[in-house]
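Using the sequences and the hints given, assemble the complete structure.
If you read the sequences in order, they're chains A and B. With our numbering, letter number 560 in the first sequence gets 560, and the count goes up by one each step, no holes. With our numbering, letter number 142 in the second sequence gets 142, and the count goes up by one each step, no holes.
Since the hints were made in silico from the structure, they are not lab data. Treat the hints loosely; a few may be bogus.
One copy or any two copies: either way a pair holds, since identical chains are not told apart in the list.
Stated by the list, open to error - As a list, the in silico DSS-like pairs of lysine-lysine whose alpha-carbon atoms are at most 25 Å apart:
hint: 1; residue 1: K449; residue 2: K537
hint: 2; residue 1: K449; residue 2: K530
hint: 3; residue 1: K214; residue 2: K325
hint: 4; residue 1: K4; residue 2: K66
hint: 5; residue 1: K349; residue 2: K4
hint: 6; residue 1: K325; residue 2: K4
hint: 7; residue 1: K530; residue 2: K240
hint: 8; residue 1: K87; residue 2: K66
hint: 9; residue 1: K530; residue 2: K234
hint: 10; residue 1: K356; residue 2: K4
hint: 11; residue 1: K537; residue 2: K234
hint: 12; residue 1: K4; residue 2: K87
hint: 13; residue 1: K552; residue 2: K567
hint: 14; residue 1: K83; residue 2: K4
For clarity, every value in this text was computed on a predicted model and none was experimentally measured.
Number of protein chains: 2
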Amino acid sequence: MDSKVVGILGGGQLGRMLVEAANRLNIKTVILEEGTSAPAKQINAVSEHINGSFTDPVKIRELAKKCDVLTVEIEHVDTDALKAVQKDTGVEIHPSPDTLAIIKDKYSQKQHLARGHIAVAESVSVDATECALLSVGDKFGYPYMLKSRTLAYDGRGNFVVKSKSDVKEALEALRDVPLYAERWAPFAKELAVMVVRSINGQVFAYSTVETVQKDNICHIVYAPARVSDSTRAKAQILAKDAVSTFTGAGIFGVEMFLLPDGQLLVNEIAPRPHNSGHYTIDACVTSQFEAHIRAITGLPMPNNFASLSTPNTHAIMLNVLGADKPNGELEICTRALSTPNASVYLYGKTTRPGRKMGHINIVSESMSDCERKLAYIRGEASDVAGATSTDTKSEQPLVGVIMGSDSDLPVMAAACDILKDFNVPFEVTIVSAHRTPQRMANYAIEAPKRGIRCIIAGAGGAAHLPGMVAAMTPLPVIGVPVKAHILDGVDSLYSIVQMPRGVPVATVAINNSTNAALLAVRILGAYDPKYLTAMEKYQSDMEDGVLVKAEKLEAEGYEEYLKNKNKK
Amino acid sequence: MDSKVVGILGGGQLGRMLVEAANRLNIKTVILEEGTSAPAKQINAVSEHINGSFTDPVKIRELAKKCDVLTVEIEHVDTDALKAVQKDTGVEIHPSPDTLAIIKDKYSQKQHLARGHIAVAESVSVDATECALLSVGDKFGYPYMLKSRTLAYDGRGNFVVKSKSDVKEALEALRDVPLYAERWAPFAKELAVMVVRSINGQVFAYSTVETVQKDNICHIVYAPARVSDSTRAKAQILAKDAVSTFTGAGIFGVEMFLLPDGQLLVNEIAPRPHNSGHYTIDACVTSQFEAHIRAITGLPMPNNFASLSTPNTHAIMLNVLGADKPNGELEICTRALSTPNASVYLYGKTTRPGRKMGHINIVSESMSDCERKLAYIRGEASDVAGATSTDTKSEQPLVGVIMGSDSDLPVMAAACDILKDFNVPFEVTIVSAHRTPQRMANYAIEAPKRGIRCIIAGAGGAAHLPGMVAAMTPLPVIGVPVKAHILDGVDSLYSIVQMPRGVPVATVAINNSTNAALLAVRILGAYDPKYLTAMEKYQSDMEDGVLVKAEKLEAEGYEEYLKNKNKK
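Shown next as structure tokens:
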């Protein structure tokens, strides 16, 4: 695609996946890494690879001579050497050595972000003495985090100082490294956003994802994060703002803490592809690796970069770590291969317990489906690949059934029966427009964020509930007029159906909550073929039912038929 | 993943994409191809590759010694040599040499399929004489197809004999090759299905796609094919049946003709990955290449193999052919890179006019969106990547607005205005329950197949249209009671809303087609965030509108306000 040759410092799995993306675009890559069989070298048959350390200035210079652009798959490189090489050879380096220098020292990274008005946990530099550590405890309280400023990754170089008595152990654990301390962030979840910065400084954010760590190593990633839309949007903005404080092109992984009060803090930034972005290979049309290659070579970016393949794509990424017994990790890979919509990526490494050997991506239209498949792959469920579950209780509800009073329940129960028959995940509750107006407002506003696709509301008499809910939600609302003691339900019908222009309520017949539920199934079926097919079958069964009766009537004659029917 | 080493006869782009899939699974591949820089060798840094022809028995034997399984990226191999090697070395070969032998001779392929009761065009073997060709003309009529039995691909080796006077030219064009003739198939479309056969004989079909040829070379692939669901299903069954007649594991490309009467004929079968399956890289979780690798190494298959990433995924594949000026083909690649949801794949070949240099995949939730993006990429539209178009006319309609009579149009026009405002692609027409009952039935039944998500039906008086349409479609139907001359529209309201249990109509207020359209937008918004967001904005604008009036009323006082309002 481009005549630029890209040199990569480091030849592990991130380099390997960068090479794969570059191969697809006919972009030549050259790897600097020890040995000849590094993961990135295996899929890259050029003769120019360099055998050496990515921290060796001489080797970096050798690489620069063969390339137009240098980039990194790891930030722990000799940035002074990079700067000198850039000055001497004119090679482009992305991200810039300045950016790498700031980021690879975690304390200077935090200081830099704080200066850029990016929300981070408060941190201080600290000497490696008991006295200094105790004075941090006085300042921040306990617990606090003691961290190595350099060479820290996958949780290595972190120590939680829980009380004064931990101080000695902390100094022992983090010997011989420069230290800093951070105020404890009692996070509810860890989020991450991949951000790519183009050569002309534009930033594009991928979806906000949720990362789950195990033994300080990224274990599972949920994409998108299982948090509210507004939190996801705020995290993307924070991530873009954070990346905008740096110079140079390329992809950045921005890890964040979500605090219980909804506040977001940047935890740390990786100036390279990141484990939390591996889901993009399957869930996005342009992966984080291709995004990086395009960014650093100046190739065009799609104008809507973050686009998942569809708005309904959900994904889970599971790291494949080396098992205790040799190749034991292939068990989960084998189960993944037999699971629909799961993909296996292995990195060509020799197995070692706890080593990142590969990852598995699962994509689906619903997160609950991803979660079921994950349980099967991890061996926690014996279910045949968890492909389809009829257990509607555990799933995120798609339809909300609400009524103004429990006196409406006998009428509304028929709707619930129908939804059960169609295996539609639903919820049912009481929400009164007149007695619980605030609850009603919350319900209406929160519903789309919780994944509800459609609301069925039953009400009698003045029957304000359906219209008021419709006024406060963008979702389709189906109104069931419930017949009260007088006026035969016509009062409820008029209240529900005669809405003013601007706020529609899909009204069904008086007391006919059966039809409300069938309408809800049709609304789901407009986009989900599963429900469309089920509705077609329901209609054809209805037809068959009438035909059976017609046959009986024709055979028995109308007098006999009526007699038999009255007997029942 | 597996300790089996796979040898591939041929190192072109199909081999390259097989290697990429194998790399992801840690499966070692070795290539037999002339030269050291063949596309498949470039991304495969092993020392065992063989420099030689995939038709050379000695080289095949050399390859077999290094591998556990042999496979092909091209069927024109020496199948006798393969059989001998298999016998001598015990190497597994997929697909089986017998299958390759049958398929590589197109006439024997046709005979084999016909014996297996697979629908194919009638064909006869023919000598290379004028007399023989004329007698075929007597038998089949003109035009008919004269084809080379062997070494034919990308349309090379085909000649259309249009009349008796073509016979001489035909013999000249197809000199020195064994010939056969086929009855002319006046096809309406060309379809194709990728089928993978597992090592234990199970067959799985991908979606039915539509291929468009240009100068006898596959040019564009539409996935799924733009034909009815039933035709797509029939094509998958025919393709699976056809592949089931062969032995050995692997992926097969089955090309078919769709005749104007709906009949399907198998045109030819490729016993390997196929150009018409390149869309699977982006549109499916498991690509045709990974499917082949898994099949021939005996790795598990997902139990729902054909699954596109979502049921709403549509894709277009465009081949990138070498341009007349050097690297001229990179122009379309550059435009593709700036198009959201498009991916570029280049094969690492030196450019030559007409050569397959790479391909571009476009995926989207709608085929019309894919088509718009294709037009931009091909330079036929200057539109910024065709990302979002406000031209709702060209798009596949999502909402159908129908009414019983043109006298309902003044009321129903408000619905159309709203749909326009929301940029919802829609269609509007007259369908009368009482005067055009058959048209109504067709409309209701065809609507979901045409991609309609929701129907708005307006009717007055007896007002049967909404309920009857609802009875014949599984889609949600919104009913608008139109006020007739008497009874104030209450007759229409009752007719529409009081549907029996089993068939719901979402009824809105009398004459309020505005709300019907807003309800349709909410139904689309239940699954498409674009419309959900637009509805939220609409609601917030309504709120602002009222607040402005409230402010004015408070400022002017109610008497002045009323006076000003009455003036207008």
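Okay, the hints, checked on the actual structure:
1. Proximity of K449 to K537 under the C-alpha cut-off of 25 Å is restricted to the inter-copy arrangement: shortest distance 16 Å between copies versus 31 Å within a copy.
2. Within a single copy, K449 and K530 get their C-alpha atoms as close as 23 Å, and across copies as close as 14 Å, so both meet the 25 Å cut-off.
3. In this assembly of identical chains, the alpha carbons of K214 and K325 lie at most 25 Å apart only when taken from the same copy (19 Å versus 55 Å across copies).
4. Proximity of K4 to K66 under the C-alpha cut-off of 25 Å is restricted to the intra-copy arrangement: shortest distance 10 Å within a copy versus 36 Å between copies.
5. Taking the shortest Cα distances, K349 and K4 sit within 25 Å of each other only across copies (16 Å), while inside one copy they are farther apart (29 Å).
6. In this homomeric assembly, K325 and K4 come within 25 Å of each other (Cα to Cα) only across copies, at 20 Å, whereas the closest approach inside a single copy is 43 Å.
7. Taking CA atoms no more than 25 Å apart as the test, K530 paired with K240 passes between copies only; the shortest distance there is 23 Å, against 38 Å inside one copy.
8. In the homo-oligomer, the alpha carbons of K87 and K66 lie at most 25 Å apart inside one protomer (16 Å), although the nearest pairing across protomers, at 48 Å, exceeds that limit.
9. Taking CA atoms no more than 25 Å apart as the test, K530 paired with K234 passes between copies only; the shortest distance there is 19 Å, against 34 Å inside one copy.
10. When the C-alpha separation of K356 and K4 is checked against a cutoff of 25 Å, the pair qualifies only between copies, where the shortest distance is 22 Å, while the shortest distance within a copy is 31 Å.
11. For the identical chains of this complex, K537 and K234 are inter-copy neighbours only, at 19 Å across copies versus 44 Å inside a copy, given an alpha-carbon limit of 25 Å.
12. For a Cα distance limit of 25 Å, the shortest separation of K4 from K87 inside one copy, 19 Å, qualifies, whereas the shortest one across copies, 48 Å, does not.
13. Taking the shortest Cα distances, K552 and K567 sit within 25 Å of each other inside one copy (16 Å), while across copies they are farther apart (69 Å).
14. For the homomeric pair K83 and K4, the shortest alpha-carbon distance inside one copy (20 Å) is at most 25 Å, but the shortest distance between copies (46 Å) is not.
Consistency note: the structure conflicts with none of the earlier hints.
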